[in-house]
Amino acid sequence: MAELSYRDAVIRGIAQEMERDERVVMIGEDIAKAGGVFKATVGLYDRFGPRRVRDTPISEQAILGAAMGAAMTGLRPIAEIMFSDFIAVCFDYIANEFPKTRYMTNGQMGCPLVVRTGNGGGVRFGAQHSQSVENWSMMIPGLKVVAPSSPADVVGLMAAAIRDNDPVIFHEHKALYATKGEVPDGEIIDTLGTAKILKAGSDCTIVALAMMVPRSLEAAAILERDHGIKAEVVDLRSLVPLDTRTILGSVAKTGRLFTVEENPRLCGWGAEIASIVADEAFWDLDGPIVRITTPHIPLPAADHLEDLAIPSVDRIVARVSRVMNG
Amino acid sequence: MNRKGGTTAVTVQSANDDIGIEKRLELYRLQVEIRDCEKRAYDLFMQNLIKGTSHLSLGQEAIAAAFGVAMEKNDKSFCTYRGHAHTLARGVGMEKMLGELMLRDVGLMRGKGGSMHLTSVEHGVMGSYAIIGAHLPIACGSAWRAQYLGEPDVAVCFFGDGTTNIGAFHEALNFAAIWKLPVVFVCENNLYMEYTPIHEVIPVENPAGDRAGAYGLEKIVIDGNDADVVFRTARAAIEKARAGEGPSLIEALTYRHSGHSRADPAKYRPSGELEKWLERDPLKIYRARLEEHGVAGDTIAAIEAESKRKVDEATEVCKASPPAPVELLTTDVYADGGWAWRN
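Chains as they are written, first to last, in full-length UniProt numbering: chain R, 1 to 326; chain Y, 1 to 343.
Just so you know, not all the hints are guaranteed correct.
[To be verified] Below, computed lysine-lysine pairings styled on BS3-like, alpha-carbon distance capped at 30 Å:
1. Y:LYS267 with Y:LYS73
2. Y:LYS112 with Y:LYS51
3. Y:LYS267 with Y:LYS23
4. Y:LYS219 with Y:LYS39
5. Y:LYS284 with Y:LYS219
6. R:LYS100 with Y:LYS112
7. R:LYS39 with Y:LYS180
8. Y:LYS96 with R:LYS100
9. Y:LYS180 with R:LYS33
10. Y:LYS319 with Y:LYS276
11. R:LYS180 with R:LYS39
12. Y:LYS51 with Y:LYS267
13. Y:LYS308 with R:LYS100
14. Y:LYS51 with R:LYS100
15. Y:LYS23 with Y:LYS51
16. R:LYS100 with Y:LYS73
17. R:LYS100 with Y:LYS319
18. R:LYS253 with R:LYS196
Hints in this document: simulated from the structure, not taken from any laboratory.
Throw the hints in and build the complete structure from the sequences for me.
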């Protein structure tokens, strides 16, 4: 067991799989000699060489298209889209190409690749470098969508994503890169589609993803200490596959559901979870399902405004305590 | 198929020919079969036995056929929604193709793909892409894999003149050039971007040829209606790619005899234009070429008769095939064969 940063966990997860399988290759802008704009690929070029860790021009369509062509014909590429906002530039591949390959060809070929991308806000980059875009991918049949919150999960889920035979969009949270956590030694392989209960509780369930997980955990501690509310915190870890069993099990125990999302409110993933719970566990509920989200706005750059937009620990505490005591 | 008989009759006269009579007969056979199969597709549309849409390449057969003959079995081809010809040219059977157009169980993808998504991995037909330009970077990826693993296959990527204005075209050309990828880009310039003359939307004479220099590539503009010309160009470009000398961008000038799609009567074409191009019909050119090379009229007639017989036979097989089975609706969304996105 060693303490590792989220950033170093990305490197360790990739290195583990590159060591194991020569078909795993990496492409992206500035990922090789420069080690990535977030330094999340530092050392991989030196370790695996220019053949396996390759810089590309600023050509997002070519990056994802080439990754797809290589994946279809036998490699296991990891393609980096530097900031998740840029996925919009090459969305054809995410929406029309990767996910439909297997279905349209009646199973003749698949597209086993990983798109890694720096997702999320909180670092004052403004509206075109700060978005949480996991919903963009979630709605498309054929994709898998992952967003880990801790270094240990990054290593294990990265390995699982690389070994998966479907295209996986892997959201690394920009504001979490510097955070640290204990990571077990040796090879780690996690399982996609498994949520984790990070704090047990009996009064309500808080479902969160990525940066909203540590904030929800902090909020849960305050809720318990200051308001006597025992919240159970569920880290979804992946949106597709979605671990509805854990969500429904938790709601059956607590009777209340809050979702905490960084993405803007309209059509956020929390709406899907609310819908599933309302459909399938309505009689377990003791009150309304409440979504805590960023408002339906682009993110501002000003620090105090960005802090107001993205759900904060205080906002989570205030909203949960008001609803629970209301 | 009495191709062998025809070969024997004319081998001596063609001994010094760089293409050779066997390949010439293959080039003609493919062009005729593609023509007949696409004409049948049109007829089946008229009978409402093919639904949806379809993009025929009547008049453009020489390009697909020539590349089909020039490519090795393991080479990979990437085509567009106008991809019937390229699919047949790799050796996919007519019943598989017409069956897919008719959305029957016998089709290539058992009806799940349709006319615009023909794929046959076993023949190296790595998909027909219905978003203009998307497949150029994908072909680069296949070429990258070949280069990375030291495998000898070349990726050949077909697209229309309209594609040359999309970003992916330029990204792919740059990418292939800097990585020296074994890929051959083939622009079939049929003069129209869907309904609009290509010259109204580009500032240069040759949509692909004039842009090749921007990626350090040679300008190659050829007569796309002469299968010999296309074959020689294809062979050279594929050999160059296989030798590790990087990509080529070929612009083959041609003309589609019908509209963009089923819905398009092509009324925008100036009068006389179609007639002029019908004079340069690739089948007509190639029939004359075979005659010049001493191929007997009987041999040519036998190829034509055999093609018609194949199309008739395939049509009957397809008509007798059941529609795509209902259980296919939810198969193969994910690699486990199913569609489950939750536990």
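Of the numbered hints stated previously, which ones are contradicted by the structure, given in increasing order? 1, 3, 4, 10, 13 and 15
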